[in-house]
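Novice: From first to last, the protein sequence lines are chains A and B.
Residue numbers are given in the numbering used here: position 37 of the first sequence equals residue 37, and the series is strictly consecutive.
Offset between the second sequence (1-based) and the numbering used here: plus 459.
These aren't lab readings, by the way, just hints derived from the structure by calculation.
Glycine residues also receive a C-beta, built at the ideal position from the N, C-alpha and C atoms.
Certain hints may be false.
[What the hints assert, rightly or not] Now the in silico label distances, taken between C-beta atoms and shown as ranges:
#: 1; chain 1: A; residue 1: G289; chain 2: B; residue 2: A816; range: 13 to 23 Å
#: 2; chain 1: A; residue 1: P365; chain 2: B; residue 2: K757; range: 55 to 65 Å
#: 3; chain 1: B; residue 1: T673; chain 2: A; residue 2: E379; range: 45 to 55 Å
#: 4; chain 1: A; residue 1: H292; chain 2: B; residue 2: A816; range: 13 to 23 Å
#: 5; chain 1: A; residue 1: Q449; chain 2: B; residue 2: G812; range: 21 to 31 Å
#: 6; chain 1: B; residue 1: D609; chain 2: A; residue 2: K298; range: 18 to 28 Å
#: 7; chain 1: B; residue 1: A816; chain 2: A; residue 2: E379; range: 22 to 32 Å
#: 8; chain 1: A; residue 1: P286; chain 2: B; residue 2: S771; range: 32 to 42 Å
There are 2 protein chains.
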Amino acid sequence: MENNINRRKFIQSSTLAGAALIAPTHVTKATGLIHKSPNSKINIGFIGVGLRGQNHVDLCLKREDCAIVAICDIDNDMLDQTKKMISKAGASIPKIFTGNDRAYLELLQQENIDAVIISTPWRWHTEMSVAAMQAGKYTGVEVCGGFSLDECWELVRTHEATQTPLFFLENVCYRRDVMAILNMVRQDMFGELIHLEGGYQHDLRGVKFNDGVTPYNSGVEYGDKGYSEARWRTHHSIHRNGELYPTHGIGPIAQYININRGNRFLQLTSMASKARGLHNYIINHPKGGATHPNATLKFNLGDKITTMIQCSNGETVVLHHDTSLPRPYSLGFRVQGTKGLWMAVNKSLHIEGISPAHRWEDAQPYLDKYDHELWKRHEQKAIGAGHGGMDFFLINAFVECVKRNERPPFDVYDAATWLAITPLSEQSIALGSQPVMFPDFTRGRWINQKNTFAINDLY
Amino acid sequence: MENNINRRKFIQSSTLAGAALIAPTHVTKATGLIHKSPNSKINIGFIGVGLRGQNHVDLCLKREDCAIVAICDIDNDMLDQTKKMISKAGASIPKIFTGNDRAYLELLQQENIDAVIISTPWRWHTEMSVAAMQAGKYTGVEVCGGFSLDECWELVRTHEATQTPLFFLENVCYRRDVMAILNMVRQDMFGELIHLEGGYQHDLRGVKFNDGVTPYNSGVEYGDKGYSEARWRTHHSIHRNGELYPTHGIGPIAQYININRGNRFLQLTSMASKARGLHNYIINHPKGGATHPNATLKFNLGDKITTMIQCSNGETVVLHHDTSLPRPYSLGFRVQGTKGLWMAVNKSLHIEGISPAHRWEDAQPYLDKYDHELWKRHEQKAIGAGHGGMDFFLINAFVECVKRNERPPFDVYDAATWLAITPLSEQSIALGSQPVMFPDFTRGRWINQKNTFAINDLY
């Protein structure tokens with residue numbers, strides 16, 4: 001629910017920020033960061049401190065080089081959890097912004113904030129990122145939340161006008177096996193890449209529904225009666241039909257084939273299966289059943305969404321979205337080139353001239369041998385960080401980039417490109433799997449840009 | 460090269476056969492078979508006795524219930540090999556038809572032939588099948604060879620006019636794991652099926668090219684200078700771009716989701732990667748190199764062709780075609796429903812309520828437990844037959860169906876539907892991955908037909 005007074009404030013501040021794009025106020029502010037020593041301490045504000053935001057808070061609390069100076073959330077319980085976490089770490093309690101959906105705009109007005117990390121429901125990602133860039137705060141934003149091509153363009157336009165960097169917080173690019181394979185790709189072990197697959201295959205039924213108290217596998221409620229992601233994510237499965245969560249798959253693939261850096265996505269076509277999984281989950285759950293009110297819900301999201309993408313340099317990409325059926329977790333990576341291929345699901349690879357002809361080999365010895373130098377250097381620090389350590393590398397890169405006001409490895413053009421997959425796939429499915437075209441968000445600059453992601457052991 | 464005299468003969472015989480469709484000559488002939496005792500011996504003619512045809516000859520020689528009375532090929536070497544094989548088995552040398560491309564028409568005029576098995580290059584499959592049905596011979600035809608929707612219709616129309624059965628010889632439907640999974644599907648172990656994958660992922664570089672003497676991995680020649688499949692199959696990689704070999708993947712999938720038996724394919728969209736594999740093979744082969752004449756060949760066939768198919772009952776299917784890159788053999792099956800999934804590549808499955816939550820299990824104990832009754836009964840006879848025993852079941856079913864003049868498990872409608880994938884995928888790729896529609900070759904009869912494939916342990 002929007003608060004009218006704050007809505008007015010928001011419009012005012014947007015307008016002012018819009019004006020600032022012509023006058024270089026914010027640009028100067030952002031440029032100011034360049035002159036900071038890369039070793040100085042930065043001040044971070046958190047917009048959204050739900051369970052995901054708290055992961056990031058936790059990682060920042062372990063660092064000497066960043067201070068959490070502001071947090072914003074509309075959920076008091078999540079704010080309390082975060083404050084406790086901060087106290088326990090011996091840090092000062094930051095300034096709190098809460099009370100309504102636009103409280104984040106007040107946080108963005110704080111002069112002492114260098115950077116923000118946005119970990120809110122998808123619906124807010126673009127709006128908050130645009131406001132953060134306009135406020136001149138180095139912007140880190142959690143993954144997914146593409147609804148329209150227009151808002152992807154809005155991210156790009158806002159960045160170009162403000163020159164504020166946007167770091168798209170895609171953690172899977174830092175997964176240890178994904179980085180070892182990147183290392184192998186760069187050493188030409190797979191030859192010229194031809195075909196890639198990835199996606200998000202994760203049984204989220206127990207995330208989309210819970211008992212409103214505990215986040216996982218505890219019931220069949222959602223929305224106002226749900227907790228954590230069940231409060232908002234489930235609505236997307238009810239109303240939308242498309243590749244809703246493309247970035248964990250496409251982020252690493254984009255690194256392998258240098259998307260927006262000498263290559264780009266041209267077009268995609270998507271296909272959706274029927275939807276059965278979530279309804280069955282409600283019907284068969286001990287707390288659900290055929291007479292439960294949610295048993296009458298209709299879900300638009302097909303249980304399996306498959307998307308094929310064609311690239312400018314001739315590669316094909318397949319994305320698998322599969323979150324409503326019982327299954328083991330698998331991002332389903334496949335990296336295939338003229339010299340061989342890796343597949344994540346069978347933990348195996350084949351390299352011509354090295355592997356026995358026509359035979360798989362266990363990938364692990366290769367993953368060990370080609371372990372990325374970032375992982376070799378920072379392994380100890382990564383231990384215990386979220387999602388198998390990759391979240392450490394993500395936040396480390398974010399903080400180090402902010403400290404240098406450096407262009408992030410996954411920038412606003414990547415954000416726009418990867419996010420665009422969702423509305424494009426919805427469009428394609430609505431049109432009976434028609435191919436739909438990717439905009440070139442870089443306006444031709446992809447041709448000359450180089451891939452600098454993880455080119456050394458620094459961050 | 461066409462022989463004009465034989466061409467005239469062919470036209471005459473076609474015309475006569477066409478007339479016969481109105482007069483019931485051939486229908487009577489076919490119907491005549493119905494009255495044969497199912498235990499009687501049948502006479503088979505072989506059109507095409509190259510390496511694949513010889514597999515089938517070998518299996519027939521081991522049986523008491525069929526006699527090889529005629530063989531046809533234009534390759535004397537292959538004829539000699541086959542005659543030796545027949546002599547060695549102690550059987551009589553059959554009548555030989557050879558000398559020109561239409562010699563098979565003379566074979567089809569032999570009164571004593573009950574059935575034919577066609578194992579020729581793709582280009583001949585439809586033409587020979589049509590002539591065989593017109594001649595009233597129970598027709599078995601090897602897989603693939605779809606070039607146009609019209610010839611798919613021609614197969615259907617010819618069958619409907621002559622009532623001669625056509626058995627599409629897709630062997631992978633009889634693979635032991637594929638049949639165990641069919642058993643599990645029919646026992647509702649995977650629930651309602653949602654998404655399926657399959658395809659043909661087989662490094663054929665050493666098949667598409669050889670030294671003209673030995674069939675595999677022996678050189679970089681093809682066409683007139685090649686041997687066996689390299690003589691003809693390679694041309695398709697040079698000239699065409701599409702899902703050229705869909706049936707090993709789609710045959711089993713069609714059984715799982717009852718295609719043409721309560722379900723049908725509605726549409727597909729295909730995407731092709733760039734083509735690099737075959738050129739690289741020539742360049743890097745010890746007998747090839749950058750100066751070899753074949754180094755200048757251009758290949759139209761993308762190294763990886765991906766096809767998505769939508770079904771009337773809401774399932775999605777993905778087909779993978781991948782025959783020009785170094786890789787281990789894998790048909791890549793995935794069978795996924797509301798209760799779980801099987802994947803062939805990691806030899807694993809997950810069944811809700813049985814497998815540990817979110818975990819894979821080794822598929823083998825399930826494949827053993829749900830071993831199909833056909834395999835249990837005939838295992839000993841299958842040992843040593845081609846392709847891991849599945850060829851025994853294929854030829855066994857063919858012979859038993861011929862003996863009863865029974866409708867084959869994979870009939871002319873299946874042949875047309877499965878073959879249609881190739882021209883449809885070529886069309887889709889040529890149109891930039893546009894969706895293209897499947898004809899309903901059954902003209903609505905799919906709605907009421909039942910799946911009777913392997914419903915008992917007989918054949």
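Novice: Each hint should be assessed against the structure and marked as holding or not.
Specialist: For each hint, the structure was consulted:
1. A/G289 x B/A816: 13 to 23 Å: Cβ of A/G289 to Cβ of B/A816: about 20 Å, so the range 13 to 23 Å holds.
2. A/P365 x B/K757: 55 to 65 Å: violated, 38 Å
3. B/T673 x A/E379: 45 to 55 Å: holds, 51 Å
4. A/H292 x B/A816: 13 to 23 Å: holds, 22 Å
5. A/Q449 x B/G812: 21 to 31 Å: violated, 50 Å
6. B/D609 x A/K298: 18 to 28 Å: violated, 41 Å
7. B/A816 x A/E379: 22 to 32 Å: At 30 Å between Cβs, range holds.
8. A/P286 x B/S771: 32 to 42 Å: At 35 Å between Cβs, range holds.
In terms of the numbered hints stated before, the structure departs from hints 2, 5 and 6, listed from lowest to highest.
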